[in-house]
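Participant: Please build the complete structure, drawing on both the sequences and the hints.
Chains F and G, in that order, are what the protein sequence lines are.
The first sequence begins at 1 in the working numbering and counts up one residue at a time.
The second sequence begins at 458 in the working numbering and counts up one residue at a time.
These are computed hints drawn from the structure, not numbers from a lab.
Don't take every hint at face value.
Unchecked claim - Quick list of in silico lysine-lysine cross-link-like pairs, PhoX-like style, CA-CA up to 20 Å:
{"#": "1", "chain 1": "F", "residue 1": "Lys101", "chain 2": "F", "residue 2": "Lys456"}
{"#": "2", "chain 1": "F", "residue 1": "Lys15", "chain 2": "F", "residue 2": "Lys401"}
{"#": "3", "chain 1": "G", "residue 1": "Lys858", "chain 2": "G", "residue 2": "Lys490"}
{"#": "4", "chain 1": "G", "residue 1": "Lys910", "chain 2": "G", "residue 2": "Lys551"}
{"#": "5", "chain 1": "G", "residue 1": "Lys466", "chain 2": "F", "residue 2": "Lys9"}
{"#": "6", "chain 1": "G", "residue 1": "Lys590", "chain 2": "G", "residue 2": "Lys466"}
{"#": "7", "chain 1": "F", "residue 1": "Lys254", "chain 2": "G", "residue 2": "Lys711"}
{"#": "8", "chain 1": "F", "residue 1": "Lys251", "chain 2": "G", "residue 2": "Lys466"}
{"#": "9", "chain 1": "G", "residue 1": "Lys864", "chain 2": "G", "residue 2": "Lys558"}
{"#": "10", "chain 1": "G", "residue 1": "Lys910", "chain 2": "G", "residue 2": "Lys490"}
{"#": "11", "chain 1": "G", "residue 1": "Lys860", "chain 2": "G", "residue 2": "Lys558"}
{"#": "12", "chain 1": "F", "residue 1": "Lys9", "chain 2": "G", "residue 2": "Lys708"}
{"#": "13", "chain 1": "F", "residue 1": "Lys448", "chain 2": "F", "residue 2": "Lys101"}
{"#": "14", "chain 1": "F", "residue 1": "Lys39", "chain 2": "F", "residue 2": "Lys456"}
{"#": "15", "chain 1": "F", "residue 1": "Lys15", "chain 2": "G", "residue 2": "Lys466"}
{"#": "16", "chain 1": "F", "residue 1": "Lys15", "chain 2": "G", "residue 2": "Lys860"}
{"#": "17", "chain 1": "F", "residue 1": "Lys251", "chain 2": "F", "residue 2": "Lys288"}
{"#": "18", "chain 1": "G", "residue 1": "Lys558", "chain 2": "G", "residue 2": "Lys857"}
{"#": "19", "chain 1": "G", "residue 1": "Lys860", "chain 2": "F", "residue 2": "Lys9"}
The residues making up each chain are set out below.
There are 2 protein chains.
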Amino acid sequence: MSKPMQEQKFYLSQKEIPRQWYNIQADMPNPLKPPLNPKTGKPISPDDLAPVFPMNLIEQEASTERWIDIPEEVLEKLLLWRPTPLQRAYALEKFLNTPAKIYFKDEGTSPAGSHKPNTAVAQAYYNREFGIKRLTTETGAGQWGSALSLGCSLFGLECKVYMVRVSFQQKPYRKMLMRLWGANCIPSPSEETNFGKKVLQEDPDCPGSLGMAISEAIEDAVTSENTRYSLGSVLNHVMLHQTIIGLEAEKQFKALGDYPDVVIGCVGGGSNFAGIAFPFVKEKIAGKEVQVIGAEPSACPTLTRAPFGYDFGDTAQSTPLLPMYSLGHSFMPPGIHAGGLRYHGAAPLVSQLAEDKLIEARNYDQLQTYQAGVTWARVQGSVVAPETTHALAAVFEEAKKAKEEGKEKTILFNLSGHGLMDLTGYEAYLDGKLSDVSLPEEEIEKSKQLISKYPKP
Amino acid sequence: MSKPMQEQKFYLSQKEIPRQWYNIQADMPNPLKPPLNPKTGKPISPDDLAPVFPMNLIEQEASTERWIDIPEEVLEKLLLWRPTPLQRAYALEKFLNTPAKIYFKDEGTSPAGSHKPNTAVAQAYYNREFGIKRLTTETGAGQWGSALSLGCSLFGLECKVYMVRVSFQQKPYRKMLMRLWGANCIPSPSEETNFGKKVLQEDPDCPGSLGMAISEAIEDAVTSENTRYSLGSVLNHVMLHQTIIGLEAEKQFKALGDYPDVVIGCVGGGSNFAGIAFPFVKEKIAGKEVQVIGAEPSACPTLTRAPFGYDFGDTAQSTPLLPMYSLGHSFMPPGIHAGGLRYHGAAPLVSQLAEDKLIEARNYDQLQTYQAGVTWARVQGSVVAPETTHALAAVFEEAKKAKEEGKEKTILFNLSGHGLMDLTGYEAYLDGKLSDVSLPEEEIEKSKQLISKYPKP
Numbered sequence: 001m002s003k004p005m006q007e008q009k010f011y012l013s014q015k016e017i018p019r020q021w022y023n024i025q026a027d028m029p030n031p032l033k034p035p036l037n038p039k040t041g042k043p044i045s046p047d048d049l050a051p052v053f054p055m056n057l058i059e060q061e062a063s064t065e066r067w068i069d070i071p072e073e074v075l076e077k078l079l080l081w082r083p084t085p086l087q088r089a090y091a092l093e094k095f096l097n098t099p100a101k102i103y104f105k106d107e108g109t110s111p112a113g114s115h116k117p118n119t120a121v122a123q124a125y126y127n128r129e130f131g132i133k134r135l136t137t138e139t140g141a142g143q144w145g146s147a148l149s150l151g152c153s154l155f156g157l158e159c160k161v162y163m164v165r166v167s168f169q170q171k172p173y174r175k176m177l178m179r180l181w182g183a184n185c186i187p188s189p190s191e192e193t194n195f196g197k198k199v200l201q202e203d204p205d206c207p208g209s210l211g212m213a214i215s216e217a218i219e220d221a222v223t224s225e226n227t228r229y230s231l232g233s234v235l236n237h238v239m240l241h242q243t244i245i246g247l248e249a250e251k252q253f254k255a256l257g258d259y260p261d262v263v264i265g266c267v268g269g270g271s272n273f274a275g276i277a278f279p280f281v282k283e284k285i286a287g288k289e290v291q292v293i294g295a296e297p298s299a300c301p302t303l304t305r306a307p308f309g310y311d312f313g314d315t316a317q318s319t320p321l322l323p324m325y326s327l328g329h330s331f332m333p334p335g336i337h338a339g340g341l342r343y344h345g346a347a348p349l350v351s352q353l354a355e356d357k358l359i360e361a362r363n364y365d366q367l368q369t370y371q372a373g374v375t376w377a378r379v380q381g382s383v384v385a386p387e388t389t390h391a392l393a394a395v396f397e398e399a400k401k402a403k404e405e406g407k408e409k410t411i412l413f414n415l416s417g418h419g420l421m422d423l424t425g426y427e428a429y430l431d432g433k434l435s436d437v438s439l440p441e442e443e444i445e446k447s448k449q450l451i452s453k454y455p456k457p
Numbered sequence: 458m459s460k461p462m463q464e465q466k467f468y469l470s471q472k473e474i475p476r477q478w479y480n481i482q483a484d485m486p487n488p489l490k491p492p493l494n495p496k497t498g499k500p501i502s503p504d505d506l507a508p509v510f511p512m513n514l515i516e517q518e519a520s521t522e523r524w525i526d527i528p529e530e531v532l533e534k535l536l537l538w539r540p541t542p543l544q545r546a547y548a549l550e551k552f553l554n555t556p557a558k559i560y561f562k563d564e565g566t567s568p569a570g571s572h573k574p575n576t577a578v579a580q581a582y583y584n585r586e587f588g589i590k591r592l593t594t595e596t597g598a599g600q601w602g603s604a605l606s607l608g609c610s611l612f613g614l615e616c617k618v619y620m621v622r623v624s625f626q627q628k629p630y631r632k633m634l635m636r637l638w639g640a641n642c643i644p645s646p647s648e649e650t651n652f653g654k655k656v657l658q659e660d661p662d663c664p665g666s667l668g669m670a671i672s673e674a675i676e677d678a679v680t681s682e683n684t685r686y687s688l689g690s691v692l693n694h695v696m697l698h699q700t701i702i703g704l705e706a707e708k709q710f711k712a713l714g715d716y717p718d719v720v721i722g723c724v725g726g727g728s729n730f731a732g733i734a735f736p737f738v739k740e741k742i743a744g745k746e747v748q749v750i751g752a753e754p755s756a757c758p759t760l761t762r763a764p765f766g767y768d769f770g771d772t773a774q775s776t777p778l779l780p781m782y783s784l785g786h787s788f789m790p791p792g793i794h795a796g797g798l799r800y801h802g803a804a805p806l807v808s809q810l811a812e813d814k815l816i817e818a819r820n821y822d823q824l825q826t827y828q829a830g831v832t833w834a835r836v837q838g839s840v841v842a843p844e845t846t847h848a849l850a851a852v853f854e855e856a857k858k859a860k861e862e863g864k865e866k867t868i869l870f871n872l873s874g875h876g877l878m879d880l881t882g883y884e885a886y887l888d889g890k891l892s893d894v895s896l897p898e899e900e901i902e903k904s905k906q907l908i909s910k911y912p913k914p
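Facilitator: Structure follows, in structure tokens:
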């Protein structure tokens, strides 16, 4: 005799996978401000971007079509791991003694262990379609570099990854993973670009930075044959490709006869957050009551404390000016373990929605986030990425609130990636070696001053 | 307009998860020979094992009931990640240009990344039911230690893991993972047991071995209060708990209207192989035509080249004598990267079925297996454990044969675990630093001589 079983995992059959991405540009009450040419202060044209990105992706970047077909070949690759399950965290609900129902999408089940391959596969495809043979990119902790290596491997493109030197030395596993997928991953600054050579001449032991690695990757792309550059976050087409997460979740909730009251994701550049959130923001714009929360580190509180303005996407000022919340392109966040959340800005689409109060943001300190991550591992079993622990901190907070209010809220969050290759942060936390890192007000003032030099959106 | 989609992943809803494990002891044409007391040469009694294992597991070990109910609480934990999907490797089929249909069960989707938690969770439950508060075990590469840490965490037991010192130093990530799940993992030999102290007195720099770690874990269990020992492979109840893999696959094939012609798993101690294979061996015993293949390393060719006889399960001779294929309990396999396949014996159940020709075995050299693993990663996207690459080598062989014979064979293999924490082996392979390691005939002769000292099964 068995008692009725509580299903925890809800699958979507592959036949039911969404066939189109959702483009929120079609529905925003205030349209996105255009990226500006920093020299002229005028909106950039598609041609300005042509040396860097293939024209089909540039067109997608600017599209205001609501639904964009997912090409069959992209779908075929996504089906290697998608749809990801929608899972209910009964054990955590019980542990927190909350009336809230806690659901999550598990993006850690992709081959690279995070949501990043959703766009890597699509970008590799569009580049191949455009006749491109080789992609370059930068990577910090290595998540994006490995995702693009995978995407290129599946579509037969060459891939060159400039990895921030200090990470290259500290994270040998990520480098091996890229190599296994056939990519060429080298430490940045390198001797392979003029920019890298110049940096190394001045400082042969330079540890590198994401800004430097971007500069090298772009220089390589625009000076090499049949080569383009690829970016793993921030841009509109990246957000677009990630919406498959939320679209699947919508279908899964429909099958369950439920709908989230609260949708939560962590925010660095913004892509995993956009991926789970935008399909629900669409309904919110249409009048549905749903709360959408971005969780960021208090060490890098872009949406919660930075000004909204035009700023460069990278330290080296090689991108157009983008309209976004930004701590300033020269901002160097404290060295927290959630490397993926240490970006100075937030995607223009996410920023505009925050400006329009369609999404809200909260920041969390790292002791609180790691505590949530450890609890999760011991209660739910799986190990989440340090980035994801920020979403967890918000989930814990909402679950507690539901308990206080006695409300049976439905919470959905994005488990953006597993943490099996990021265990050193957990160890430092368990050793009591971490402390809270909050940003002093002076830093925010500096950001405001820097941003005020550029045009107002 | 989209062309009809090829589904690659076949889910089983959680409601359809098997509610019973399959015990092959009920159906074996020749029953298992009993384990012997090495001192008396007579079959051991349950009481002999009582200081080491809880009585409910000892009873399960000896049971000949065909179906054994999975307790509800165990099921609830298994549902954190089970059923695992049955997946079809279309991309690999295309790459190999084979008419064979290649399916796999993905056990890498468990929180610890392998099949091991299937039994860890069950063993933690049965121990807790018996009033045990604390489990001890040994671990080499760390897969089993982390799985048991997870199991204990989910059932609120303390867990002590003796990890072979050289692995403890070389694999810090595994150690961190165990700690994250609340376990106490220490290097063996340690100062915490009499055996460990003795070893360290003679050799303070002793790198440790699995045999030593077993001895320490057993000594700790039998001398501590409310403590028992837990083993991750070899024993009958471990094989039993793993059969959920094959039972799920059976249901998934039924839903597909297909059935495998060939079932493949890699073999170390034998548990992941037993898990996928036994439900199909059941049908084979009943007359169905299905080929069942165990794939092992040529560096440790237990089923393919070792004698069948009674031998100790561990180097330190602390276990009963078990009837099995064995290279000898003092055998030290060459240092290949597939640490989980370096066991000198094979589970008695697997051994008896091999002896009765119900399963067959093949061995593969490590260049061939790593080549298969690299191809898999680049074509199918995911990174498999070094152990799993042995199953892949057999799959490649069978797919090639199907091509030569022009047969549309259905192949099923067990993807026993992911390799995200085992990338150093891949790197060594890509660097050209690996070579084939085949066992010379003299080694086999030594095994035969050693085994011949013990009773004949």
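Participant: It remains to establish, for every hint, whether it holds in the given structure.
Facilitator: Consistency of the hints with the structure:
no.: 1; hint: Lys101/F - Lys456/F; in the structure: 42 Å, violated
no.: 2; hint: Lys15/F - Lys401/F; in the structure: 38 Å, violated
no.: 3; hint: Lys858/G - Lys490/G; in the structure: 36 Å, violated
no.: 4; hint: Lys910/G - Lys551/G; in the structure: 51 Å, violated
no.: 5; hint: Lys466/G - Lys9/F; in the structure: 15 Å, holds
no.: 6; hint: Lys590/G - Lys466/G; in the structure: 40 Å, violated
no.: 7; hint: Lys254/F - Lys711/G; in the structure: 27 Å, violated
no.: 8; hint: Lys251/F - Lys466/G; in the structure: 18 Å, holds
no.: 9; hint: Lys864/G - Lys558/G; in the structure: 10 Å, holds
no.: 10; hint: Lys910/G - Lys490/G; in the structure: 17 Å, holds
no.: 11; hint: Lys860/G - Lys558/G; in the structure: 11 Å, holds
no.: 12; hint: Lys9/F - Lys708/G; in the structure: 18 Å, holds
no.: 13; hint: Lys448/F - Lys101/F; in the structure: 40 Å, violated
no.: 14; hint: Lys39/F - Lys456/F; in the structure: 15 Å, holds
no.: 15; hint: Lys15/F - Lys466/G; in the structure: 10 Å, holds
no.: 16; hint: Lys15/F - Lys860/G; in the structure: 29 Å, violated
no.: 17; hint: Lys251/F - Lys288/F; in the structure: 16 Å, holds
no.: 18; hint: Lys558/G - Lys857/G; in the structure: 12 Å, holds
no.: 19; hint: Lys860/G - Lys9/F; in the structure: 38 Å, violated
In this structure, the earlier hints numbered 1, 2, 3, 4, 6, 7, 13, 16, 19 are contradicted, and the remaining ones agree with it.
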